[in-house]
Amino acid sequence: MEIKVLGSGCSNCKRTKAVIDEVIKDLSPDVTAIEVHDIAAIMAYGVMSTPAIVIDEKVVSAGKVPSKNQVVEMIRKAQAA
Amino acid sequence: MNKELLAHPPGETNPNLLDPQQPTINREWRVWGLLVVAAMAWWIAWNSLQPLADWITYGLLGLSPTSAFGSALAFFLYDVPKILLLLTGMIFVVTTIRTFFSAESTRQLLGGKRQGVGNVLAALLGVVTPFCSCSAVPLFIGFVEAGVPLGVTFSFLIAAPMVNEVALVMLFGMFGWQIALIYMATGLLIAILAGMVIGRVPHIESGVEDFVWQLSVGTASSEPGERMTWPERFGIAWHSTREIVSKVWPYVVAGIALGAFIHGYVPADALAGIMGKDAWWSVPAAVLIGVPMYANAAGVIPVVQAVMEKGAAMGTALAFMMAVVALSLPEMIILRRVLKPWLIVIFVGVVALGIILIGYLFNFII
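Chains as they are written, first to last, in this note's numbering: chain A, 1 to 81; chain B, 1001 to 1366.
In silico DSS-like cross-links for lysine-lysine, where the CA-CA straight-line distance does not exceed 30 angstroms:
#1 A:K14 to A:K64
#2 B:K1340 to B:K1113
#3 B:K1247 to A:K14
#4 A:K25 to B:K1247
Hints are computed from structural coordinates only; laboratory data are not their basis.
Please build the complete structure, drawing on both the sequences and the hints.
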């Protein structure tokens, strides 16, 4: 499962990445998270408000910093899909 | 993958997540009940502010109302909780309203709208759409790619930071609802007109960096915001309120402390010379100083109020505030990624000019 955090590097984007890292550190190493700063790549997902979260190429959140519980929920839903 | 994905065993429910056992309807009632209690507490606190501040300063501490320190302290004790209360209430309400909007839905509403109507709509939407300056670039690109005319996009980009709830709350709290309303109206006016003017500049599209036109923007995924429940909306609003207030309160306290000092210690009319109505150059000077600055509206306004008590003209003060809030060097640096320098110059120039004109207008009529 690949999680991407889309953003231009502002503090909200970094916080989102930190929350996600906190959640996945207890999970299997198959789950990875990276930050994407490239504008062209971000726009390709059709996202206009950052920070945005993409799991396995699907946009699951945009425009806010999620809480740990919300991240857990997102991962759970993505796994079930 | 066949490995255990989550740390919790499958049967255990995270107590913080929505409890599937509890019917949704009960949860809704609880949230609304909580909201009503909070509103009542807010109202009671609001009405106790002035009496409490006076009592502490004059009753408890025994200071004289005519002393500089006494009047400064009463001002401070009254204003700090007042502004904080206003901020909490207003941000909560505005963020709840904002949960009904999103950048994606705004983009769809504006796509293909022509100039004029589009500018007005963009400015109004700029006020209610959630906007973080870090999303300025993706938002700009998204709008442009959806066929929103450049001028209309600019109307949005001007209105969004300028007419923000923190500024409105502060103005309302310190100057009354008329001034807050005027600020909002003139802010929208500048956003609409500046956007229209910029849109009419010949070959304005060439001011946008070439790569923007070549980007292919994916289709927006369905925005979860449209189908939120009320408890979710209030949850987001509360979270946002806590976040913003915790970031802003030091500025509020510092700004009011400075304002209180000026209120108590600086003699009246001391500033009329350099900032009053007759100093014609004060408006452009205020705008020139304010443009590159990036400061929280929360910190600037109390100082503005105190300065005005001492003779600064309303127009000059308003112009300064608008310049600080609407434009800033960090924002220009961010926009540089998608706009060529000459377009940025035009953008800043038109908005600054609009603000200066408003400044003169108010100095004239007030």
